[in-house]
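Hey, can you work out the whole structure from these sequences and the hints?
Sequences listed follow chains A and B, in order.
Residues in the first sequence are numbered from 1 upward in steps of one, following my numbering.
Residues in the second sequence are numbered from 1 upward in steps of one, following my numbering.
These aren't lab readings, by the way, just hints derived from the structure by calculation.
What you were told as hints is all true, and nothing was included just to trick you.
Note that the list lumps identical chains together, so a pair holds whenever it fits in one copy or between two copies.
Derived EDC-like pairs: lysine to aspartate or glutamate, alpha-carbon spacing no greater than 16 Å straight-line:
| hint | residue 1 | residue 2 |
| --- | --- | --- |
| 1 | K437 | D566 |
| 2 | K414 | E12 |
| 3 | K339 | D109 |
| 4 | K340 | D109 |
| 5 | K414 | D72 |
| 6 | K437 | D564 |
| 7 | K397 | D82 |
| 8 | K397 | D57 |
| 9 | K414 | D19 |
| 10 | K179 | E63 |
| 11 | K414 | D38 |
| 12 | K60 | E183 |
| 13 | K340 | D111 |
| 14 | K179 | D4 |
| 15 | K414 | E36 |
| 16 | K340 | D112 |
| 17 | K275 | D285 |
| 18 | K339 | D111 |
| 19 | K339 | E105 |
| 20 | K437 | E567 |
| 21 | K339 | D103 |
2 protein chains.
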Amino acid sequence: MPADGRARVVIEGIAPQVDGGRFAIKRVAGDRIEVEADCFADGHDTLACRLRHRREDDAKWGETAMVAIGNDRWRGEFAVPDIGRYRYTIAAWVDAFLSWRHDFERRVDADDLRVAAQVGAEIVANAARRARGDDRKRLLEWARRLAATADMDALRELALDEAAAALAQRYPDRRFETKYPVEFPVVVDRRLAAFSSWYEFFPRSASPYEGVHGTFVDAEARLPYVAGMGFDVVYLPPIHPIGRVRRKGRNNTLVAEPDDVGSPWAIGAAEGGHKALHPELGTFDEFARFVARARALGIEVALDVAFQCAPDHPYVDAHPEWFRHRPDGSVQYAENPPKKYQDIYPFSFESDEWRALWEELHDVFAFWAGHGIRIFRVDNPHTKPFPFWEWAIARLKREHPDVILLSEAFTRPKVMHRLAKLGFTQSYTYFTWRNTKRELTEYFTELTQGPGREYFRPNCWPNTPDILPEALQIGGRGAFMARLILAATLCGNYGIYGPAFELLEHVPREPGSEEYLNSEKYELRHWDLERGDSLAPFIARVNAARRDNAALSHDGSLTFVPTDNDEILCYARVDATRANAIIVAVNLDPHHVQSGWVSLDLGELGLDADQPFQVHDLLTDARYAWHGSRNFVMLDPARVPAHLFRVRRQMRDEHDFVYFE
Amino acid sequence: MPADGRARVVIEGIAPQVDGGRFAIKRVAGDRIEVEADCFADGHDTLACRLRHRREDDAKWGETAMVAIGNDRWRGEFAVPDIGRYRYTIAAWVDAFLSWRHDFERRVDADDLRVAAQVGAEIVANAARRARGDDRKRLLEWARRLAATADMDALRELALDEAAAALAQRYPDRRFETKYPVEFPVVVDRRLAAFSSWYEFFPRSASPYEGVHGTFVDAEARLPYVAGMGFDVVYLPPIHPIGRVRRKGRNNTLVAEPDDVGSPWAIGAAEGGHKALHPELGTFDEFARFVARARALGIEVALDVAFQCAPDHPYVDAHPEWFRHRPDGSVQYAENPPKKYQDIYPFSFESDEWRALWEELHDVFAFWAGHGIRIFRVDNPHTKPFPFWEWAIARLKREHPDVILLSEAFTRPKVMHRLAKLGFTQSYTYFTWRNTKRELTEYFTELTQGPGREYFRPNCWPNTPDILPEALQIGGRGAFMARLILAATLCGNYGIYGPAFELLEHVPREPGSEEYLNSEKYELRHWDLERGDSLAPFIARVNAARRDNAALSHDGSLTFVPTDNDEILCYARVDATRANAIIVAVNLDPHHVQSGWVSLDLGELGLDADQPFQVHDLLTDARYAWHGSRNFVMLDPARVPAHLFRVRRQMRDEHDFVYFE
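Set out below in structure tokens:
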């Protein structure tokens with residue numbers, strides 16, 4: 001038998017939640033969290049349901065009443081004003097007072113009313129016993145009058161008095177309440193975790209002089225250019241000393257020339273490892289100035305954390321127990337037979353010394369956090385054990401709740417999702433390879449409506465230093481613009497690898513490859529940022545639209561709009577207050593002009609079917625008068641392959657002139 | 001930090017399961033249970049996954065290997081040969097031997113192979129340490145040869161030897177295995193739990209003489225008639241003494257005449273309560289003979305358990321603490337204001353003496369189980385607390401694992417589902433009110449494919465003593481036939497309330513009511529079973545088809561077949577071995593002949609698109625030659641409103657004559 005079989009309420013089907021509360025849902029500071037659950041009991045008694053919530057570091061629960069929304073489903077909400085961790089759960093009970101009141105309203109028979117008044121007097125007297133002071137006195141008085149009133153009309157009015165009912169409800173009988181046995185965790189991040197635009201560049205290619213190794217000072221000089229495009233995160237590939245042993249040459253050749261600079265991801269050399277700066281980039285002071293200058297421009301610096309070592313990384317000698325050794329005594333390099341990566345030593349997480357390894361890797365994050373860095377792009381997290389990330393991220397976020405970690409796991413879907421569940425703030429996505437209308441519609445429907453929406457925050461990249469997708473290789477300028485628009489308007493977080501992106505770099509190392517020819521991963525590049533065909537002004541307009549339109553932020557809705565042309569992808573976004581509405585139409589064909597009709601859901605956009613409205617293209621400043629659901633678009637990839645429309649609803653003033661808001 | 005951070009495998013997304021293992025999935029003895037899970041680790045190492053399973057009363061786990069089926073999903077199965085409770089869970093680990101072998105197959109470089117052979121020798125030697133006897137010797141010998149073989153071809157052959165690999169896999173290194181933390185329960189019932197046909201009748205109306213109270217002896221005489229229709233469960237409304245205080249009269253009138261027999265659900269009088277027999281029905285010996293005679297005819301007797309009391313039930317005096325009392329000292333009758341049911345006293349489950357009440361109610365089941373009863377139809381379980389049912393059913397099934405409980409909860413969907421989750425074997429459904437093609441398609445798709453399929457076993461009733469649905473009031477004989485066919489062929493369990501059903505009883509107490517006129521609930525009825533229009537022969541044919549065709553049993557598939565006529569519902573069912581296929585087409589319009597084209601999925605039916613096939617109507621014995629996917633049907637409600645086709649595949653013998661299997 002249960003401890004008390006009189007706890008009659010069932011609570012189940014609580015949403016949101018991730019894996020029964022095993023993992024946290026993610027929100028940003030200032031959000032309100034809406035929670036629903038199925039709550040019901042036997043019979044037809046009336047329930048009371050409470051949403052319980054607290055900060056994880058505060059033992060005291062707050063409670064808000066939940067309301068029934070039909071089919072035994074209840075809904076409540078609570079606010080998460082600050083970053084950190086919260087918890088919520090639900091309690092519910094069969095409420096004797098509410099049941100009595102509900103029945104009383106429906107009684108017709110005078111004898112019944114009289115008996116019911118006696119029953120009610122007892123219930124209210126019990127509530128009085130739980131009250132103190134004036135409340136107690138008022139409840140006792142109400143109970144006395146319920147028992148004593150003889151006139152039926154007076155009794156009915158007395159029994160159903162709203163103020164008295166509200167008072168009684170403050171002292172419910174919760175002896176037999178059901179408490180849901182799980183507390184559901186919430187991670188609350190700052191807004192940038194959900195809405196950010198990233199710009200990745202190699203500081204060593206930032207020198208104004210061709211062939212000269214760039215420095216933090218050069219990178220600092222590049223920042224106004226990046227800010228001018230409207231990005232708010234600058235992400236640098238690893239800035240540590242680069243291994244010399246088995247260094248790769250240009251275009252990933254096996255043998256480096258003496259002047260080859262090597263891959264920044266081959267971390268560690270005589271000068272130091274993950275906590276050192278590459279000497280040619282500059283000093284910690286110069287790095288600090290770079291970070292400070294970025295901050296002054298409204299940009300936060302993100303660093304790359306790649307847990308792997310060049311053969312000459314100091315860890316290899318100092319901690320041989322953190323690596324696997326081959327029978328010949330050599331350290332096991334990375335491999336996926338028949339492929340070998342002899343310039344990279346992975347850590348062995350099955351080492352007996354795994355605890356010390358975990359501590360050291362955590363210390364790498366902590367070290368850079370100590371230098372003011374709060375955003376980390378984590379390289380290949382899917383090749384390190386999941387329990388390590390869960391532990392490391394939890395610890396790091398306890399120490400620095402404002403930390404943001406982007407998971408660079410271009411891998412199988414379930415692995416990507418697990419990393420997001422266990423704590424990564426943002427995740428790279430398959431966007432990079434989703435090109436057709438069907439692919440994009442299905443993928444973003446899954447991202448915004450699938451279970452991952454509670455924990456998987458996508459960050460969409462049209463390109464990276466590792467990936468020059470086929471669409472950009474063959475689609476020309478129109479494809480670059482379309483892919484940027486899609487990334488920036490389908491997704492709260494997006495980023496580009498520049499200047500390769502805005503300068504339309506599109507030649508692969510060889511046909512069929514996704515690697516860049518003359519990739520910056522293996523050599524210095526010199527970029528002509530002033531080129532007339534640069535997409536920088538276009539990117540600036542897109543980022544300005546993101547900044548100025550709440551509909552494009554992380555909490556704007558996303559609905560795909562039917563079109564009669566498979567090359568035209570159209571979608572509508574509306575902000576949470578429904579004050580701002582955006583319609584995006586993109587020509588996915590980079591080679592031909594495409595036109596077609598889009599079929600809007602006017603109600604969703606807050607529009608009246610009978611009134612014309614204006615759509616204002618934020619890319620070209622053009623304005624169109626539209627009317628009704630079906631409207632025509634024609635998009636030329638040789639000019640601008642997309643419309644980014646802000647909907648301007650018609651407004652009339654007191655003189656009946658037509659304005660648009 | 002976790003206890004061991006080296007347990008790298010993630011296990012999640014286990015199916016089947018109910019609410020994370022909080023409740024059991026349901027199966028029948030002899031089933032094989034297929035279990036799937038997402039299992040993956042960091043990196044690209046090879047995993048080993050094991051499905052672990054045991055009887056709940058046997059501490060020892062069995063293990064079967066799971067196989068990868070793509071997208072990190074693994075599948076395994078185990079058998080549940082006997083009734084009772086089982087458990088299953090999953091264990092998985094990164095398998096050093098399998099990873100080594102997987103990599104070895106892909107290596108090309110001779111140096112690599114040599115080093116890999118050394119690594120493999122060490123892994124195999126470690127396996128040998130876990131082995132004993134001959135196995136150990138053979139593994140050590142294999143390890144020695146792996147280390148010593150110089151010739152590359154010989155080494156490759158040796159390393160990839162299948163028999164040696166199988167031996168090594170018997171001694172895996174499971175130190176870092178992940179065990180899923182939940183054991184998922186299974187309730188295994190006998191086959192009748194999932195596949196049964198019920199016939200409900202009032203024994204008191206079974207007398208051969210009009211106006212005479214029927215007895216168990218009369219009911220016994222009725223059994224061959226019931227068996228002749230092919231039913232395997234006979235369900236009797238309550239057979240206990242009926243209260244005299246505030247007894248209801250004919251047609252549910254408030255005041256009974258002296259000769260009114262009262263409702264069998266108003267349980268308890270001076271002669272006794274839930275453990276007594278109504279004196280006019282007969283003695284325990286006569287009851288036992290009735291049960292034995294039924295068994296001899298292949299029929300099991302189900303009793304009604306209705307936990308409520310007439311005012312003169314002995315409990316009311318003996319255990320006043322089990323009832324709620326009004327301020328005037330009277331016992332609180334059942335009510336749902338403004339409705340009152342003064343002839344019924346509900347138990348108060350919030351009583352301080354709830355433990356004793358629970359014990360007594362359990363004893364009611366145990367009492368009848370002691371009289372050989374193993375099937376109970378439970379009246380209104382949704383008006384008693386869920387924790388009571390969970391406890392009572394678990395206890396009863398521990399004592400009598402072959403018990404079957406049918407939940408008579410015609411109530412809100414989540415309440416019905418909760419009762420099924422917490423242990424009821426079968427559940428009444430909304431079938432009774434689902435009439436249109438869309439309603440039936442949606443409802444049975446939900447029942448067979450929704451989450452409830454793991455725990456909610458529907459039992460479909462075209463009528464009950466409480467419910468004469470509108471479709472039967474107005475649809476005539478055709479509607480009765482159609483509703484029976486639907487219940488019997490859409491659902492593993494179904495039942496009718498007879499002889500009202502087969503004798504086409506269709507007049508409501510008043511227009512708009514679903515209550516029968518002159519309902520047997522309040523009076524004796526005399527039925528002319530020999531009437532020429534009786535549906536008994538038709539019902540016998542339908543039940544024979546159920547018995548003879550595995551496709552119609554509980555584990556036959558159900559697929560709705562598109563038709564071009566909204567009044568024609570068509571569906572196909574195929575048994576688990578795919579040897580038996582049934583196509584049902586029903587005219588839902590009881591008034592008009594309807595015809596149309598059905599579009600079969602031939603592959604699903606095991607048919608060749610190029611070969612004609614025969615469909616054999618088991619209702620009329622007519623045979624039709626069909627060909628291809630689209631075929632024509634025409635159904636006349638004035639004759640038979642349905643086809644119940646068995647598909648006869650064409651076979652040719654050695655002389656090339658055409659036969660049908």
